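Line by line, the protein sequences are chains E and U. Taking my numbering, the leading residue of the first sequence gets 454, the next gets one more, and so forth. Taking my numbering, the leading residue of the second sequence gets 454, the next gets one more, and so forth.
FYI, nobody ran anything at the bench for these hints, they're computed from the structure. Hints are not guaranteed to be accurate.
It does not matter which identical chain is meant; a pair holds if it fits inside one copy or across any two.
[Claimed, not checked] In silico SDA-like pairs for lysine to any residue, Cα to Cα no more than 25 angstroms straight-line:
| # | residue 1 | residue 2 |
| --- | --- | --- |
| 1 | K492 | D461 |
| 2 | K574 | E563 |
| 3 | K492 | N633 |
| 4 | K513 | Y657 |
| 5 | K493 | E510 |
| 6 | K503 | P637 |
| 7 | K574 | R595 |
Values in this document were obtained by computation on a predicted structure and should not be read as measured data.
Protein chains: 2
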Amino acid sequence: MATNEAPDIVVGRLPIYLRALTIMAEEGQEITSSQELSKKLGISSAQIRKDLSHFGEFGKQGTGYEIAYLRDQLKRILHVERTWPVALVGYGDLGTALANYAGFAPKGFEIVAVFDSAQDKVGQQIAGKEVLDLTEFPAVVRERDIKVAIVAVPSSAAQEVAGILVESGIKAILNYAPINISVPAEVQVQYIDPAAHLQHMTYYLE
Amino acid sequence: MATNEAPDIVVGRLPIYLRALTIMAEEGQEITSSQELSKKLGISSAQIRKDLSHFGEFGKQGTGYEIAYLRDQLKRILHVERTWPVALVGYGDLGTALANYAGFAPKGFEIVAVFDSAQDKVGQQIAGKEVLDLTEFPAVVRERDIKVAIVAVPSSAAQEVAGILVESGIKAILNYAPINISVPAEVQVQYIDPAAHLQHMTYYLE
Chain E
454 MATNEAPDIV VGRLPIYLRA LTIMAEEGQE ITSSQELSKK LGISSAQIRK
504 DLSHFGEFGK QGTGYEIAYL RDQLKRILHV ERTWPVALVG YGDLGTALAN
554 YAGFAPKGFE IVAVFDSAQD KVGQQIAGKE VLDLTEFPAV VRERDIKVAI
604 VAVPSSAAQE VAGILVESGI KAILNYAPIN ISVPAEVQVQ YIDPAAHLQH
654 MTYYLE
Chain U
454 MATNEAPDIV VGRLPIYLRA LTIMAEEGQE ITSSQELSKK LGISSAQIRK
504 DLSHFGEFGK QGTGYEIAYL RDQLKRILHV ERTWPVALVG YGDLGTALAN
554 YAGFAPKGFE IVAVFDSAQD KVGQQIAGKE VLDLTEFPAV VRERDIKVAI
604 VAVPSSAAQE VAGILVESGI KAILNYAPIN ISVPAEVQVQ YIDPAAHLQH
654 MTYYLE
């Protein structure tokens with residue numbers, strides 16, 4: 454049922470649906486509707502139904518969506534019914550916060566290796582892992598079959614780090630540095646841009 | 454020309470357009486098109502034109518968009534032609550990283566006050582500011598007319614902190630804690646959810 458034709462912008466909404474469904478399931482709710490999801494998420498119910506229709510027939514006319522079923526289907530579609538090992542580059546304040554972040558495990562990700570190029574950081578322990586020298590990145594990524602990496606280095610180093618990641622076979626990069634990085638088309642990049650979220654909200658403020 | 458009728462999901466794309474236009478302007482480019490923006494952003498050109506049409510007539514048939522003009526209009530629409538003072542709550546690793554983050558100032562935000570409830574943190578200096586006791590939050594927010602706050606506290610404290618923020622008159626909250634917080638309808642909340650960005654990318658991975 455799943456196709457590769459869904460626009461990227463639709464794919465980007467699936468994690469938002471998955472988050473809402475996961476919370477509802479944890480609260481013991483069994484059935485929802487596109488109308489209820491719409492109210493929770495600020496996305497029109499027509500849009501939600503259209504988005505989901507790219508991937509299959511999940512709702513039943515008149516009864517809505519089975520939450521646990523739709524949640525599991527979205528996990529499958531997003532490939533997070535498994536846990537992805539993740540490499541983290543940058544052991545500064547942000548890297549430390551990310552290594553300790555509790556939000557990855559429930560969503561299918563585990564930071565398994567932390568890298569930095571500063572020799573005074575290499576060898577330190579963080580969240581049960583040793584900080585490794587960035588020169589070890591290619592070998593570790595190959596050995597542990599890591600495809601996903603997080604970049605938490607200063608802007609001035611982000612492009613060079615991205616190059617090392619790509620050469621090592623990383624296929625998905627989450628970039629916290631406030632600059633655009635250039636990678637080959639087959640490598641996914643997403644940006645954490647807190648200022649964009651703030652701008653979204655100031656639209657509504659006087 | 455601006456209306457309040459634009460769907461929230463459209464508003465959420467304006468910062469993405471603004472980011473792209475800002476980069477293009479910095480690179481010296483003067484004119485762009487919905488087609489070029491589409492290629493850069495992975496959003497269809499029809500969608501981009503439709504999104505922008507909610508706010509006015511920015512493009513000229515056959516000549517595209519004047520980058521600097523459209524950038525300035527989007528800044529005006531998002532209310533970031535000014536700089537918003539921002540309160541940061543939570544002076545842990547993440548809070549430290551945010552206080553030092555270089556990405557806020559160019560986008561219309563300045564962290565002017567940092568708060569924590571841990572007495573060993575209160576009084577420390579970060580990025581030229583003193584860490585204040587959370588009990589001082591209401592007075593400082595009133596005095597400095599702060600409407601925007603960032604929550605970088607553990608999940609267990611996030612809801613309580615959100616309550617203090619709302620009571621103090623904060624109207625927009627950026628929440629880094631991996632839990633949903635409950636606030637009155639007139640208060641905006643956005644979430645930083647790095648796992649959602651990772652899920653977006655693993656959709657494309659085998």
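Okay, the hints, checked on the actual structure:
For the identical chains of this complex, K492 and D461 are neighbours both inside a copy (23 angstroms) and across copies (12 angstroms), given an alpha-carbon limit of 25 angstroms. For the homomeric pair K574 and E563, the shortest alpha-carbon distance inside one copy (21 angstroms) is at most 25 angstroms, but the shortest distance between copies (30 angstroms) is not. In this homomeric assembly, K492 and N633 come within 25 angstroms of each other (Cα to Cα) only across copies, at 15 angstroms, whereas the closest approach inside a single copy is 33 angstroms. In this homomeric assembly, K513 and Y657 never come within 25 angstroms of each other (Cα to Cα): the closest approach is 36 angstroms inside a single copy and 28 angstroms across copies.
With identical chains, the CA atoms of K493 and E510 are at most 25 angstroms apart within one copy only, with a shortest distance of 22 angstroms there and 32 angstroms across copies. For the identical chains of this complex, K503 and P637 are neighbours neither inside a copy (31 angstroms) nor across copies (29 angstroms), given an alpha-carbon limit of 25 angstroms. Taking CA atoms no more than 25 angstroms apart as the test, K574 paired with R595 passes inside one copy only; the shortest distance there is 23 angstroms, against 41 angstroms between copies.
Going down the numbered hints, you'll see the structure goes against 4 and 6, while the others check out.
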